[in-house]
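Chains as they are written, first to last, in the working numbering: chain A, 30 to 339; chain B, 21 to 451.
These aren't lab readings, by the way, just hints derived from the structure by calculation.
Here a beta-carbon is modelled for each residue, glycine too, at the ideal position from N, C-alpha and C.
Worth double-checking, as some hints may not be accurate.
Computed footprint of chain A on chain B; a stretch qualifies when at least three of its residues, placed anywhere within it, have a C-beta under 8 Å from a C-beta of chain A [as the list claims (entries may be wrong)]:
#	region
1	256-270
2	396-402
Far from chain B, by Cβ distances over 10 Å, these chain A residues were calculated [stated by the list, open to error]:
#	residue
3	Gln66
4	Leu204
5	Arg251
6	Glu265
Over the 10 Å line for every Cβ pair with chain A, so calculated as not near, a few chain B residues [unchecked claim]:
#	residue
7	Asp106
8	Ser139
9	Gly188
10	Arg225
11	Met228
12	Glu239
13	Arg331
14	Ile339
15	His370
16	Pro419
17	Thr436
18	Thr449
19	Leu450
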Amino acid sequence: MAHSGPASGLEPTAPGYLDVLESHAVFVMREVAAECQRPALLFSGGKDSAVLLRLAEKAFQPGPIPFPLLHVDTGHNFPETLEFRDLRVSQLGADLRVALVQDSIEQGRAEDPGPGQSRNRIQSVTLTDAISRGSFDACIGGARRDEDKARAKERILSVRDEHSRWQPDRQRPELWNLYHGRVGIGEHLRVFPLSDWTEIDVWRYIRREDMALPSIYYAHQRQVIQRDGMLLAVSEWVTPTPPEAAQWLSVRYRTVGDATLTGAVRSHAYTIEQVIAEIAESRVSERGATRGDDKFSESSMEDRKREGYF
Amino acid sequence: MVSAVAARRAGTDSTGVALLRLAAVGAVDDGKSTLIGRLLHDADQLTEDQLAALETANRVRGQSGVNLSFATDGLRAERERGVTIDVAYRYAVTPRRKLVIADCPGHLEYTGNMATGASTADLALVVVDISKGLREQTRRHTALALLFGVRHVLVAVNKMDLVDWNEGRFLAVAEQMQVLAGLLGNAQVQAVPISALHGDNVVERSGMAPWYRGPTLLEALEETPTSTVATEGAGGFRLPVQSVSTRSDGSVHIAGMLTGGQLRGGDAVVVLPEGRRTTVTSLATLSAPVPSALPPLSISVTLADGSRLTRGNLIAPAIDPPPVGRDQLTTVCWFAECPLEVGQRFLIKHTTKVTRGEVVAIESRLDMKSLRLTAAAQLRTNDIGVVRWRLADPIAADPYPHNRVTGSLIVIDPETNATMAAVMVGTPTLR
Numbered sequence: 030m031a032h033s034g035p036a037s038g039l040e041p042t043a044p045g046y047l048d049v050l051e052s053h054a055v056f057v058m059r060e061v062a063a064e065c066q067r068p069a070l071l072f073s074g075g076k077d078s079a080v081l082l083r084l085a086e087k088a089f090q091p092g093p094i095p096f097p098l099l100h101v102d103t104g105h106n107f108p109e110t111l112e113f114r115d116l117r118v119s120q121l122g123a124d125l126r127v128a129l130v131q132d133s134i135e136q137g138r139a140e141d142p143g144p145g146q147s148r149n150r151i152q153s154v155t156l157t158d159a160i161s162r163g164s165f166d167a168c169i170g171g172a173r174r175d176e177d178k179a180r181a182k183e184r185i186l187s188v189r190d191e192h193s194r195w196q197p198d199r200q201r202p203e204l205w206n207l208y209h210g211r212v213g214i215g216e217h218l219r220v221f222p223l224s225d226w227t228e229i230d231v232w233r234y235i236r237r238e239d240m241a242l243p244s245i246y247y248a249h250q251r252q253v254i255q256r257d258g259m260l261l262a263v264s265e266w267v268t269p270t271p272p273e274a275a276q277w278l279s280v281r282y283r284t285v286g287d288a289t290l291t292g293a294v295r296s297h298a299y300t301i302e303q304v305i306a307e308i309a310e311s312r313v314s315e316r317g318a319t320r321g322d323d324k325f326s327e328s329s330m331e332d333r334k335r336e337g338y339f
Numbered sequence: 021m022v023s024a025v026a027a028r029r030a031g032t033d034s035t036g037v038a039l040l041r042l043a044a045v046g047a048v049d050d051g052k053s054t055l056i057g058r059l060l061h062d063a064d065q066l067t068e069d070q071l072a073a074l075e076t077a078n079r080v081r082g083q084s085g086v087n088l089s090f091a092t093d094g095l096r097a098e099r100e101r102g103v104t105i106d107v108a109y110r111y112a113v114t115p116r117r118k119l120v121i122a123d124c125p126g127h128l129e130y131t132g133n134m135a136t137g138a139s140t141a142d143l144a145l146v147v148v149d150i151s152k153g154l155r156e157q158t159r160r161h162t163a164l165a166l167l168f169g170v171r172h173v174l175v176a177v178n179k180m181d182l183v184d185w186n187e188g189r190f191l192a193v194a195e196q197m198q199v200l201a202g203l204l205g206n207a208q209v210q211a212v213p214i215s216a217l218h219g220d221n222v223v224e225r226s227g228m229a230p231w232y233r234g235p236t237l238l239e240a241l242e243e244t245p246t247s248t249v250a251t252e253g254a255g256g257f258r259l260p261v262q263s264v265s266t267r268s269d270g271s272v273h274i275a276g277m278l279t280g281g282q283l284r285g286g287d288a289v290v291v292l293p294e295g296r297r298t299t300v301t302s303l304a305t306l307s308a309p310v311p312s313a314l315p316p317l318s319i320s321v322t323l324a325d326g327s328r329l330t331r332g333n334l335i336a337p338a339i340d341p342p343p344v345g346r347d348q349l350t351t352v353c354w355f356a357e358c359p360l361e362v363g364q365r366f367l368i369k370h371t372t373k374v375t376r377g378e379v380v381a382i383e384s385r386l387d388m389k390s391l392r393l394t395a396a397a398q399l400r401t402n403d404i405g406v407v408r409w410r411l412a413d414p415i416a417a418d419p420y421p422h423n424r425v426t427g428s429l430i431v432i433d434p435e436t437n438a439t440m441a442a443v444m445v446g447t448p449t450l451r
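Bound-form chain B, shown alone (with noise of 0.2 Å):
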């Protein structure tokens, strides 16, 4: 016999449950972490001992009963101030999906945390209290998670009791962020009326709103489609090289993780930058010797030709291999305190390669209330903008959108060793 609550969750069986990732955002008192809260306790995953651990928290507080934003905030001064520092990681899973839910920040000050759970996710969920409409910071962090190449945008209108949920409010809202959607690439969005505080189309179907027809969050959550299929790169695969080992015949390894399409034994491919032509003559999962594999495996895999090749080295199809080249025009997210400025030079990793870069250029700002470019001399903290790079080393780069993997870099202070910055290949696409 099955109870419930194993229905609920995944049960024993694992075949068919695909990993999501999504990047919860919203602004402050929008309800993100009550949502979180409450996604987590309908779809039974809160278990006792936390719900009464929650209700001691409470108590201490003055409040009665069990407020579900507490299940959320992790850090001292976190509970203190009542505010969302870091990004806080939570787990669900349910027979169709396991969800890494990376609860984000909402403050400003804090967007270098944001910013780690949004480069990650698959989706974002973006919370809106509709009796509040759609605010600045909602929108900004919406833009974000665009930005970082969120392929879906699901919006839980929340709040939907204190205006009587009136179908009109949410349509309004939902058409704001197609809107704002269409200006930052195109991914997919998808609007669901709720009310986190009493768990109206949370995970329960709520009666307030028959005009409503569409799935509960929790369902399209579980319907939407994640990144770990093959679909994830527009130009074929690409394996960065992690580590080369040469074994007692002989034979050359070279382990990494694979990303952007699928790779087959006999495959023609290029060894970058070098640009070396050579064929795939073996691979394998980190269980078995197969034919072809799909990302994000970890794989090994030999080549015809497996001489000068070390960590760094980027392995891509022989046809429509990646560009190569110093000379990078990307989209920088900057989270140091000090500015960005001409002339400065940093550590950068891009992929499993570690090099030096010099800032030739800062070509624009980006203004997050227009989305529009706008000239600027220099970026500050949480600015973003358009930097052209000077490398030490040539990288084989694809513009972000291609693949976030390849299309990616990271800035290190050489000092501190402190990440300053996320990079992305290429401008803005905006609309």
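Isolated chain A (complex conformation) (with noise of 0.2 Å):
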């Protein structure tokens, strides 16, 4: 593997890519944390929020990490990543705030979409909430430039607006590493510092740190239904509606979100190795074959984003 050190003769090894694209990312999370005056941290326990929490842990080693993490919880959780979630937070000593989206109901700031349907728009709301209330101005989070076409037009430091707004036309331009993290009042910065790691860089970085995940992400046996094209997993806010049959598969997760629309894909890959030979051989992108709330249009991330999305 492409470990930069330490080296056995006197010259070091030139970086392999995964070094560098570590490197890169560390320099943005160190720049923001000089920069701005109150960042946090996005972490759901998934795995490209638990590649970022890696990646701070190690950017500030071997002190603590300098910001709280937040989660905003649609209520719609797979166990195992909340187990996780609270596995990680405990093994750092970090600081997390949750901002539940059953609140913002309740509070009236967002309606409720309806039992067993989808709060991946509505979380929108609460994150912009928890963004004003926690008066942050920089949120860092796990997303990646390869996800979606509207994604892959965005900064890696982007400007966010009052209302948390994403404004493609009004882009600050990026130029070389020298991101600037000033804002005005009441705007905020999203950073995305995995921009440039695709599916197979986040699973083999994973597999370079020997990093724990939730077990949903490797092959099990799960009892599921078929629905709009996906394996959605029976729970107590999905269950078959006829004619639909669960069935029970073996089937692992390439993504993890609300636990209503995120499809699980069938799989034999129960280690690191397998899953990475997976993904190498996969005819299917990452949200295609898992994502329910990028399904609906050519703009609907787009759409999403302009609302305060991540």
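Got two chains here, each in a separate frame; can you build the complex from them with the hints?
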């Protein structure tokens, strides 16, 4: 593996590409920590945010991570993800703030889409309120440019207005590694240190760092139903309606989000090596396989980002 | 069993994969977006659902089949108007390279977005429609990429099928690009005859041009050396100080991203701008202590004398450090809507340091057509010119061609926080 050291001889070997991606992401986090007053790191327990947290840990070691973690919780969770979230928080002694979409609904800030319906879209309200309540001027997230064509256009430090809106026609030029963290009153930055990482880069990094993940990222037996071209886990929010029939399959998750619209994929990849081999072969994109939220239209991600979505 | 798909992608082993950043540029309608779509498609980087989404998008517009150019336009306004407004990043992973492709817009009004893509690129992929020849816009974009320091120019001479794969016309365009690159610095130029529409010489070798014996476009990209090795700088290592922390044992640790060259434990160094000399007592990557490190790694170091260090300092070799000064003669690429004039004051960011600067003189403006400097009193939106600054604090800056990290600055509007300009230390290298 292309680790940068310790070198056996006098001359170090050229850094491998994972080293380059890691060093850049850490550089971005350190710039934000230095230039912004109150950053926060979005941590859901999913694999991309787990990588982000690992990078934050390495960026500031042996000291603590100098900002709180923020989880926007839709209430539709996989229990394995929450367990993992809490385990990592206690290992790091981190300051976790949880913003509940349910609270936004009860306070009348957002409309409940109804039982079993996705809360993906209304979590933007909860996130915006949490940012405003915490006076955060930077929110560091694990979004990647390879996930969607609107994301592919966004800067690494992306300015959001007081309503959290992304305005693609008003993006700042972003030159060299000269990231500047200054924003106006009420504005904040969304920061994407993993912008140039792809799905396979994330998995190779997880392997290199020997990172733990929620068990649902690896193959397991699960009761699922086929709906809208996806395999949805049977849960308290998702139950079969005839003629749907629940069946037990060997599956794993490629992404983990709101449990009502994150699909599983059939898989027998029980180890990280098997997962990486599976992705190298895959003919379906990560979000195409697993995310109901991106299927609405050509511009669904752009529209949601304009509304404040991550 | 490794399938053909996995073999064309990186497979499972990342050993030997290097990161190559490229900026794709070209005039409107010369086929840049189609070429990127073709490259991703033929290198098995597009998935079935992405292809299906393209087919749906084209059917809505009354076109049949897959129009590969729609693989790259991301915003609704871009799809509606059929132009690229902002940089789109695309990725390809092959067994030898991770390619970060910045697909840059072609219109002059989006120069700031083009500069965003070019400033970090190792290579400019220039798409030329052979049936139209080398156009003014393409010349301008190539010149901009060269000013921003790309070391390699790969010319995709496109639509060769429209000129019956005429070798003479191909060689003429290749020669024109060679001459252009010769006027600005010393980048390597390579040209490949292709048809993006039909896929000739992009990933698959074409039988249409038996006279051409060079690499396909993907092979040329895979053979381009990346700047992640120590060759980036000409003046030895530079370590801009990002943060300074004191640990419980009293040791002072400096974090930053290394540039310019190799740093070794025991190296005699100088802390700039003060000029205090000391030595490196230890260094570590993000993973482990090491005897030495190469760019562009994020590292931490300790010094024999770690006192009075702050963010914004620069650590350089004691022999041959960069010059330090408040007066800087620079090349400015101006993006803001208001003109740049003498006497204006702005915030300036250089490496990890933010200071203030005043425009002392506008020496000249670069005519992008003749590539000659002409007298100017101001710089207007998207102009490039030579500007003299007086900064509030001294900075340790290298000439831009020597080091893109320590040789670059940005101008920030103190009122709106907008990024108004890209600034390169020194005057443009014109021949």
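Here is how each hint holds up against the structure:
Residues of the region 256-270 of chain B with a Cβ under 8 Å from some Cβ of chain A number 4, which satisfies the need for three, so the listed coverage holds. Only when three residues or more bring their CB closer than 8 Å to a CB of chain A does the claim for the region 396-402 of chain B stand; here the count is 0, and the claim is violated. With a minimum CB-CB distance of about 14 Å to chain B, Gln66(A) clears the 10 Å threshold, and the non-interface call stands. The Cβ of Leu204(A) does not lie farther than 10 Å from every Cβ of chain B; its closest approach is about 5 Å, which violates its non-interface assignment.
Non-interface call for Arg251(A) relative to chain B: holds, since the shortest CB-CB distance, roughly 22 Å, exceeds 10 Å. No beta-carbon of chain B is positioned within 10 Å of the beta-carbon of Glu265(A); the least distance is around 29 Å. Its beta-carbon lying about 5 Å from the closest one in chain A, Asp106(B) breaks the requirement of being farther than 10 Å from that chain. Not every CB of chain A lies more than 10 Å from the CB of Ser139(B), the least distance being 5 Å, so the non-interface label is violated.
Chain A leaves Gly188(B) outside its interface by the beta-carbon criterion, the shortest separation being 39 Å against a cut-off of 10 Å. No beta-carbon of chain A is positioned within 10 Å of the beta-carbon of Arg225(B); the least distance is around 24 Å. Look at Met228(B): its CB is around 29 Å from the nearest CB on chain A, clear of 10 Å, so calling it non-interface holds up. The beta carbon of Glu239(B) is kept farther than 10 Å from every beta carbon of chain A, the shortest such distance being approximately 19 Å.
In this structure Arg331(B) is not separated from chain A by more than 10 Å, as the shortest Cβ-Cβ distance comes to only about 6 Å. A cut-off of 10 Å between C-beta atoms confirms that Ile339(B) is not in contact with chain A; the least separation is 20 Å. Not every CB of chain A is more than 10 Å from the CB of His370(B) (nearest about 8 Å), against its label as outside the interface. The claim that Pro419(B) lies off the interface holds: its Cβ sits roughly 15 Å from the closest Cβ of chain A, which is beyond the 10 Å cut-off.
Consistency note on Thr436(B): stated as away from chain A, yet its beta-carbon is not over 10 Å from all of that chain's, at 7 Å minimum. Separation of Thr449(B) from chain A is adequate, the least Cβ-Cβ distance of about 18 Å exceeding the 10 Å criterion. For Leu450(B), the shortest C-beta to C-beta distance to chain A comes to about 22 Å, beyond the 10 Å cut-off, and the non-interface label holds.
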